[in-house]
Amino acid sequence: MNSASSNLTNNATAASGAVSPTAGTPATPVAAAGSPAATPVASLNTTASTAVAAPAATASPTFSPLYQQIKALITQSLQSGEWKPGELIPSEVELAGRFKVSQGTVRKAIDELAAENLVMRRQGKGTFVSTHHEARAHFRFLRLVPDEGVPHYPESKFIEVKRVRAPADVARLMDLKSGDAVIFIKRVQYFDGVPTIVEELWLPGLIFKGLTAERLVEYKGPMYGLFETEFGTRMIRASEQIRAVCADAGAAQLLNIDLGTPLLSSERVSFTYGDKPVELRRGLYLTSRHHYQNELS
1 MNSASSNLTN NATAASGAVS PTAGTPATPV AAAGSPAATP VASLNTTAST AVAAPAATAS
61 PTFSPLYQQI KALITQSLQS GEWKPGELIP SEVELAGRFK VSQGTVRKAI DELAAENLVM
121 RRQGKGTFVS THHEARAHFR FLRLVPDEGV PHYPESKFIE VKRVRAPADV ARLMDLKSGD
181 AVIFIKRVQY FDGVPTIVEE LWLPGLIFKG LTAERLVEYK GPMYGLFETE FGTRMIRASE
241 QIRAVCADAG AAQLLNIDLG TPLLSSERVS FTYGDKPVEL RRGLYLTSRH HYQNELS
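Numbering (this note's numbering), first residue to last: 1 to 297.
In short, the hints are calculated from the structure, not lab data.
Some hints could be false.
[Said to hold, decoys possible] Computed Cβ-Cβ distance ranges for the label pairs, DEER-style:
1) Val217 <-> Gly104: 47 to 55 Å
2) Ile242 <-> Lys177: 23 to 31 Å
3) Val217 <-> Gly149: 25 to 33 Å
4) Tyr219 <-> Pro65: 23 to 31 Å
5) Gln241 <-> Tyr219: 43 to 51 Å
6) Pro65 <-> Val217: 24 to 32 Å
7) Asp192 <-> Gly221: 33 to 41 Å
8) Val164 <-> Glu240: 42 to 50 Å
9) Asp180 <-> Glu160: 18 to 26 Å
10) Thr261 <-> Asp175: 30 to 38 Å
11) Arg98 <-> Ala244: 19 to 27 Å
12) Asp111 <-> Phe231: 40 to 48 Å
13) Gly221 <-> Gly179: 27 to 35 Å
[Stated by the list, open to error] Lysine-lysine pairs mimicking DSS-like chemistry, simulated, CA-CA at most 25 Å apart:
14) Lys162 <-> Lys220
15) Lys162 <-> Lys125
16) Lys84 <-> Lys108
17) Lys157 <-> Lys177
18) Lys177 <-> Lys100
19) Lys209 <-> Lys276
20) Lys84 <-> Lys162
21) Lys84 <-> Lys100
22) Lys108 <-> Lys157
23) Lys125 <-> Lys157
24) Lys209 <-> Lys177
25) Lys209 <-> Lys84
26) Lys220 <-> Lys209
27) Lys177 <-> Lys84
28) Lys220 <-> Lys157
29) Lys209 <-> Lys162
Here the structure is a predicted model, which is why all the values come from computation and not from measurement.
Cβ coordinates follow ideal geometry from the N, Cα and C atoms, glycine included.
Turn these sequences into a full structure, and let the hints guide you.
Spelled out as structure tokens, the structure:
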């Protein structure tokens with residue numbers, strides 16, 4: 001079993017990215033005769049190009065289902081801030097009219113956005129932009145669950161908050177240049193007064209300019225709620241790696257445990273719209289009273 005580094009750096013390996021939900025719009029497929037989707041908006045009317053390399057070789061055109069193109073356009077509106085977190089977005093009928101497609105096409109696009117937690121449907125009220133201030137969102141990225149009792153959010157004690165130059169490994173994972181400014185945060189999180197998590201976070205200095213220890217202590221909601229409200233940055237998805245380690249002297253002191261106690265070590269890169277990495281988080285988790293839970297679908 002590996003030994004946990006005091007700065008958690010040696011417990012990390014590179015996190016992988018994924019395809020951006022706002023990828024470029026491919027060619028519009030041909031709608032069935034008589035379908036309301038037969039006249040999509042001009043922005044969907046792109047013709048797939050054919051690359052000329054040699055007289056005998058041409059690239060095959062790539063097509064995307066119409067609902068995927070509508071999904072991309074709605075995502076662009078979310079990214080641009082046309083509809084803010086927590087706000088009601090236009091109805092399916094209104095969006096169908098806006099994009100000149102069928103209501104069914106819009107519904108399928110919104111189904112996928114809801115599955116990705118970008119929007120949330122509320123029966124009888126409509127579809128809203130998801131926000132980290134929702135109670136259910138608090139546990140989307142927090143996966144440590146008590147063995148007994150109801151899951152609840154931990155209290156935080158901030159050990160260190162400072163502006164530093166990004167180390168090479170941090171810069172690589174966050175798509176920054178080595179030496180770029182980042183905000184470094186170190187904290188201990190407590191469940192029912194028991195220290196359970198030690199975390200180190202790195203945030204892009206340009207995006208989170210003005211984030212201070214005082215502001216973090218003042219804010220009583222989830223940290224991602226603060227990022228969303230005051231810095232206009234919403235976490236959309238995360239890539240995470242977990243391994244087992246033994247507590248080193250630094251972790252043992254902060255968690256009030258014996259040297260060598262088994263811990264879970266995690267490294268997570270969180271992304272916002274456009275698949276842009278905006279947070280690197282490395283944590284050590286004490287699992288004597290908690291377990292890591294993830295639902296697979």
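Hints numbered earlier in the text: which of these fail when held up against the supplied structure? When the structure is compared with the hints, numbers 4, 5, 6, 7, 8, 11, 12, 15, 17, 18, 20, 22, 23 and 27 turn out to be violated.
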